[in-house]
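Following the hints, position chain B against chain V.
Protein chains: 2
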Amino acid sequence: MSHLNKPYLITRSLSPENQETPIHFLEHFTPTPPDYFYIRNHFNYPPLKEDNYILSIKGEVGSVSTFHINDLIHFPLRTVKNVLECAGNKRSFFSPKTYGEQWEAGAISQGAWTGISLNNMLKITGIRSSAKEVVFEAHDNGKEKNKQNLPYCRSLPLSKALHEDTIVALFYNGTPIPYKQGAPLRLIVPHWYGMASVKWLKSITLINHSFQGPYQTEDYVYYPNKYNDENASFVTSMNVNTIIQKPLDYSTSSKGTHCISGIAWTGLGRIKNVYISTDDGQSWNKATLHQALSKYAFVPWSYVWEVNDTGEYTILCKGEDTAGRIQPDKAYWNRKGYGYNAVYKVKVKIE
Amino acid sequence: MSHLNKPYLITRSLSPENQETPIHFLEHFTPTPPDYFYIRNHFNYPPLKEDNYILSIKGEVGSVSTFHINDLIHFPLRTVKNVLECAGNKRSFFSPKTYGEQWEAGAISQGAWTGISLNNMLKITGIRSSAKEVVFEAHDNGKEKNKQNLPYCRSLPLSKALHEDTIVALFYNGTPIPYKQGAPLRLIVPHWYGMASVKWLKSITLINHSFQGPYQTEDYVYYPNKYNDENASFVTSMNVNTIIQKPLDYSTSSKGTHCISGIAWTGLGRIKNVYISTDDGQSWNKATLHQALSKYAFVPWSYVWEVNDTGEYTILCKGEDTAGRIQPDKAYWNRKGYGYNAVYKVKVKIE
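Respectively, the protein sequence lines represent chains V and B. Quick note, the first sequence lines up with residues 3 to 353 if you use the numbering used here. Quick note, the second sequence lines up with residues 3 to 353 if you use the numbering used here.
With the rest of the complex left out, here is chain V (with noise of 0.2 Å):
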């Protein structure tokens, strides 16, 4: 008789609903399977209507141009393996606490995306030497907080636009995106948080200024200050981050040899070493580092712990990317709760 144990979606919220990955359960080798995909929305579901199946580039192009899914298709198709985080992941692990939805560490997973370089695009449409940015609206909208109905609408820098790994993806995992996923057209921006990777593609507008959107300007903005907004950032590429999978927090075991493992993320860059303390930051050793899926994938590592002493140990483990970057001792606290990478820490008991 077979028992499969399986792990599900964590759920923050149903209406809209959020809900992370069991990061701490999957093997990270792989895309994540879409059914362990994390969901993140601003709003219900958008309706799927006729009009999501066309993609509109408008603005300061050199023609307006309108594209059909069935004409899409037949582009060269690029593949991006790579990982989206919200930008809220882990706000649960800020001190003092921030509001928002309360993810752990789950608000993150890795798929394989197929699609068309938005670049190829834009080599049809053209772009006029005053376009500055590009604004990615998508069909989904609502009300937040009392604010005017308004759809979901982020933009990037012109240069971000341009590269050739930020693409109008079809696909996910060689079949067509999950509804909750962004279907038919999502864009995917590796690299960057995952609000910027906009589901739901309706339209895409080249502009000659700065956009001004909540999602942009009041949202996903780095505030240090609790109660001015005085040395604001915006959120883009993601920060330096590790999790530690095994062990689990407060679990206990007994001596003899460990297996230590987890994974290592950046946005800048690519991993380049994953250190551990296994005496609370006394001593720090690199784990090794396993085959990850693409250069912007999870990057899988391991370390052998001998432990043959009872007691309380606290593991520690932080990246260092080759942007230089390290994970600190404290993360950088900001009112949102937007980008926490402090070095990942495990209490362990040894029986």
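It cannot be assumed that every hint is accurate.
Repeated chains share a single entry, so a pair holds when one copy, or any two copies, can fit it.
Taking lysine-lysine pairs in the DSS-like style, the calculated list, with each CA pair at most 25 Å apart, reads [to be verified]:
#1 K145 x K248
#2 K257 x K332
#3 K349 x K60
#4 K349 x K228
#5 K288 x K257
#6 K257 x K149
Hints were generated in silico from the structure; no laboratory data involved.
Just chain B now, with coordinates in the frame of chain V:
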């Protein structure tokens, strides 16, 4: 197009399987659906064999007897609708933290169990006057922490074993018990923490002394000291307890009328009152109690909150039972992290 948003079990470990019910996202006026019932195991699942359908009763009885499930279904059936709560529920809320499964508030569910009063079965076997405790052995077994291979085994004092609502259950919510919940035969002990409701019940033995066993006299014991076992006491009935289901902790909302809601339960008597504070304990008001499934079940409650000013609010909730117990401001700390029942707290920000 319909997009059903549903919650899932929350995985704490997969081998053995330990998963929480998504307690905040379910209605609790009815039994917990089988797929949402919390799962708590010490070991991997035992194999299902022909033997599992037979229950033996032995020891200090008039006549040693065995009962096949096909006999048992002809006994008078009794349905008990009760809360089952893991003694470690809310363990992760202790400060200082304690080791073990890091349950949040979902190691608890309620169900309608149907079976035979143990009392009725013991009328058939007879009880010798020397009998003092009743030992329940399960089919699941294994090694924990380098100990020898042992089955899960627990005892009840004779008086509790003879209570008419202590039953050997065959059915859950009207259908055979799900395998992961202890099929084909599970002991159900209302009012006691879940460790007493032995799954995959194998045998019942009446003994003339106090039972000793790791799940009786080592685990499921309150140890108030970190480094010694002084002043230890056994874990038995559930503490008076509550949760706030809505609003969620560290959520944001707007001014106006809100319905604060949740559940209360106890292992002694019944829930008498639920008190709510929306000003961090300066003032308290009674919540409205709603119809419960039974005297052993969750008591759903609600409280209407008018909020006219923006700002941060701390909402507290505490239950009181007919035994005169009321949730304390601070939980009784114990080394293994059992019985957490401090006043429940959520913070919300009105924007």
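Hints versus structure:
1. In this assembly of identical chains, K145 and K248 lie within 25 Å of each other by CA distance solely across copies; the values are 20 Å between and 41 Å within a copy.
2. In this homomeric assembly, K257 and K332 never come within 25 Å of each other (Cα to Cα): the closest approach is 31 Å inside a single copy and 34 Å across copies.
3. Neither within a single protomer nor between protomers do K349 and K60 lie at most 25 Å apart by alpha-carbon distance, with minima of 54 Å and 44 Å respectively.
4. For a Cα distance limit of 25 Å, the shortest separation of K349 from K228 across copies, 16 Å, qualifies, whereas the shortest one inside one copy, 31 Å, does not.
5. In the homo-oligomer, the alpha carbons of K288 and K257 lie at most 25 Å apart inside one protomer (22 Å), although the nearest pairing across protomers, at 51 Å, exceeds that limit.
6. Taking identical chains as interchangeable, the C-alpha atoms of K257 and K149 lie at most 25 Å apart only when they sit on different chains, with a minimum of 13 Å there against 57 Å within one chain.
Hint check: violations occur at hints 2 and 3; the rest are consistent with the structure.
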